[in-house]
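J.: Chains A and B, in that order, give the protein sequences.
Here the first sequence stands for residues 5 to 294, numbered as in this note's numbering.
Here the second sequence stands for residues 5 to 149, numbered as in this note's numbering.
Think of the hints as simulated: they come from the structure by calculation, not from any bench.
All clues stand as given, with none of them false.
For each label pair, taking beta carbons as the anchor points, the in silico distance ranges come out as: (1) B:68 <-> A:173: 35 to 41 Å; (2) B:63 <-> A:264: 33 to 39 Å; (3) A:162 <-> B:51: 49 to 55 Å; (4) A:277 <-> B:143: 36 to 42 Å.
When the alpha-carbon atoms are kept at most 20 Å apart in a straight line, the in silico PhoX-like pairs for lysine-lysine are as follows: (5) A:104 <-> B:146; (6) A:159 <-> B:15; (7) A:75 <-> B:17; (8) B:26 <-> A:75.
These figures come from a predicted structure and were not determined experimentally.
From the three backbone atoms N, C-alpha and C, an ideal C-beta is built for every residue, glycine too.
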Amino acid sequence: MFDLVLYLILILVASVFAGIIGSMAGLGGGVLIVPFLTLYFHVPIYLAIGASIVSVIATSSGSASAYVKDKISNIRVGTFLVLFTTTGAIVGAFLGLRIKNPAAIYLIFGIVLLISVLPLIKKIGEVNQPVNIKNDPIAERLSLQSHYHNLELDKEVNYNVSGVKSGSVMMFVAGILSGLLGIGSGVFKVIAMDLFMKLPIKVSTTTSNFMIGMTAAASAGIYFFNGDVNPYIAAPVAIGVLIGALVGSRLLMKVRGRTVRILFAAVIVVVAIEMLRSGVLLVGGMGLHL
Amino acid sequence: MSTGKERSFEKEKEEEEKISSKVLSFYLIWSVIISLSVIVIGLITYLATDSTGYLTVPVDILLRSYGPNTAVFPHYLGTITYGVLKFKSFAIIQLGVLLLILSPFGRIFIQVLIYARERNRTFVVIAATVFAVLLFSLYLSKYIH
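Work out the full structure, taking the sequences as your base and the hints as a guide.
T.: Right under this line is the structure:
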């Protein structure tokens, strides 16, 4: 019993840290759970993915609640795009459970982590308020344009939506990555809305948050009913990541400036390299649990 | 130029959207609170009874137990319900996890109702399709392993 309680507490503490680091770096709280569980607890990667995707639902619903109330997230845009992320997530979970050699998942995870920190170095969304954007035909048909209260400009700002087609394709890819790796893949959703659809950055990030829970649910059910969500791991992870993400977002409001965020991004780069190294070792047939 | 009638229509729409956001926001936060509470109750039961309610294994095996045939924890609706009725700790945790996983299903269903109330036919169809995709994922889960 002592070992069982000890490990429970260790997983909880690790999840709190993962949540803090993930959200301080501006990524989701769940992005480091799979690396932590596989690298430091030697949990099989499918179990780590199962626990992670459950925690992603908890953190995203928790924070989406606030943004929806403040009417920053564009629920119509989110609901339309969720069509593509959920289908992608099903494909991703299917791929994940079919890949029998986990080496590929380690490698893809490492690469995705590295891509995720890129926006921190070359910041996307430098333009606070995109101008002269015209609604594209689909956006016009679905009347996706909306307005929100821009805090920095301190006024209501109207915006249009373009590039719905390319944005949707990118969302499908984001969904695949979410289902395959058990992450929220918020970075990819934000890239789709910010770069392709030219939404204001604040609207992109909050709408992405609104979408993450539904995207995660599409693959979480598949993992759950296949017995890949182990309650001994999933319970402390869900609670820990939620606490960590809450603490992290509070801290993030206090620390201004990019230095801190880049410091946390560096931690993620180290973890990414560890995942890549493990993947390469697995390809070499050396096994991970030496 | 908008007539007075159109303006009052716009205002009405704004009001409706405000209520919808409130309903969604309320649902989002309470779905997390409730499902996590159930998980915590399960954990407390586990620590208090010193039993998972299922096959007892050493921690290193427990950390690697998974798959459709595992006897270490339940992962089907029937077995979870049975376990919860018997007050088995791992079944209670799984119930909380399942509530969490299913909460977005309820969220999109509420959106279908909201759009129906707003008479936004296009978005009733879109939200209903998302709901169908989510249900389809559960159906597919049987065929994946």
